[in-house]
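Chemist: So for the sequence shown, our numbering puts the first residue at 24; every next one is plus one.
Treat the hints with caution; some may be incorrect.
As the list claims (entries may be wrong) - The calculated label-pair distances, taken between Cβ atoms and stated as ranges, are: (1) Asp108 to Lys88: 33 to 43 Å; (2) Ala158 to Glu82: 25 to 35 Å; (3) Arg79 to Ala121: 55 to 65 Å; (4) Ile105 to Ser171: 53 to 63 Å; (5) Glu92 to Asn173: 26 to 36 Å; (6) Lys141 to Trp64: 54 to 64 Å; (7) Ser74 to Ile116: 32 to 42 Å; (8) Ile105 to Asn77: 17 to 27 Å; (9) Glu95 to Ile125: 15 to 25 Å; (10) Leu106 to Met135: 14 to 24 Å; (11) Asn173 to Ile105: 19 to 29 Å; (12) Glu175 to Asn96: 11 to 21 Å.
Because the hints were derived from the structure by calculation, they are not lab data.
In this text, all values refer to a predicted model and were calculated from it rather than measured experimentally.
Every residue, glycine too, gets a C-beta built ideally from N, C-alpha and C.
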Amino acid sequence: FKPFQSERPTESTSWSFTPPLLQHTDFHLRHATGSETHVTWDDQQNINKFSNLNNRFQELQDEIKFTKEECENLEDASNELILTDEEVVRFQIGEVFAHVSIDEVETRLEEMKESSSKNLEKLEEEKDSVVSQMAELKKILYAKFGDSINLENE
Numbered sequence: 024f025k026p027f028q029s030e031r032p033t034e035s036t037s038w039s040f041t042p043p044l045l046q047h048t049d050f051h052l053r054h055a056t057g058s059e060t061h062v063t064w065d066d067q068q069n070i071n072k073f074s075n076l077n078n079r080f081q082e083l084q085d086e087i088k089f090t091k092e093e094c095e096n097l098e099d100a101s102n103e104l105i106l107t108d109e110e111v112v113r114f115q116i117g118e119v120f121a122h123v124s125i126d127e128v129e130t131r132l133e134e135m136k137e138s139s140s141k142n143l144e145k146l147e148e149e150k151d152s153v154v155s156q157m158a159e160l161k162k163i164l165y166a167k168f169g170d171s172i173n174l175e176n177e
């Protein structure tokens, strides 16, 4: 809380603090036609929830894209490993390359592909859940506010 003064400071001026709002504030949303719609606390919560879900949806899209690329890279590495005729290959562990037998590399690649695929499935399921929640909120919000609210991605 920031102190405020009603006039210029003098020796007799006292400082006071503004109290927090104890009640939720409602507001009105003006339509393009000039009419207003009352926005309740529940409406505000639905709008906030939609915004959070939309942000999570964007994050999930990025994570899914990254995970798909990771799966493709692992598949490419596995294919390249099939073509090699060496018994020992260089395998990157963190930032270091180690000489590892081809059998161990194949095993590790399969484990990594399986883990990556499971992660991708989990992300896709979460994305589907977020999309369905957003669709429900869109119905509710568009039913109340019509064209005065924009819930579409640009």
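Chemist: Can you tell me whether the CB distance of Leu106 to Met135 sits inside 14 to 24 Å?
Modeler: 19 Å, holds
Chemist: Please check whether Glu95 and Ile125 have a Cβ separation lying inside 15 to 25 Å.
Modeler: Hint holds: Cβ distance 21 Å, inside 15 to 25 Å.
Chemist: Is the distance from the Cβ of Glu175 to the Cβ of Asn96 consistent with 11 to 21 Å?
Modeler: 34 Å, violated
Chemist: Regarding Asn173 and Ile105, is the given constraint of 19 to 29 Å on their beta-carbon distance met?
Modeler: 51 Å, violated
Chemist: Evaluate the given range 17 to 27 Å for the C-beta pair formed by Ile105 and Asn77.
Modeler: 43 Å, violated
Chemist: Look at the Cβ atoms of Lys141 and Trp64 and judge whether their distance stays inside 54 to 64 Å.
Modeler: Given range 54 to 64 Å: violated, Cβ gap about 40 Å.
Chemist: Is it true that the C-beta distance of Ile105 to Ser171 lies inside 53 to 63 Å, as the hint says?
Modeler: About 59 Å separates the Cβ atoms of Ile105 and Ser171, which means 53 to 63 Å holds.
Chemist: Cβ-Cβ distance between Glu92 and Asn173: within 26 to 36 Å?
Modeler: 32 Å, holds
Chemist: Given a hint of 25 to 35 Å, does the C-beta separation of Ala158 and Glu82 actually sit inside it?
Modeler: 18 Å, violated
Chemist: Can you let me know if the beta-carbon spacing of Arg79 and Ala121 is within 55 to 65 Å?
Modeler: 38 Å Cβ-Cβ, so the 55 to 65 Å window is violated.
Chemist: Per the hint of 33 to 43 Å, is the separation of the Cβ atoms of Asp108 and Lys88 within bounds?
Modeler: Given a distance of about 35 Å, which is inside 33 to 43 Å, the answer is holds.
Chemist: Taking 32 to 42 Å as the hint, is the beta-carbon distance of Ser74 and Ile116 inside that range?
Modeler: 41 Å, holds
Going down the numbered hints, you'll see the structure goes against 2, 3, 6, 8, 11, 12, while the others check out.
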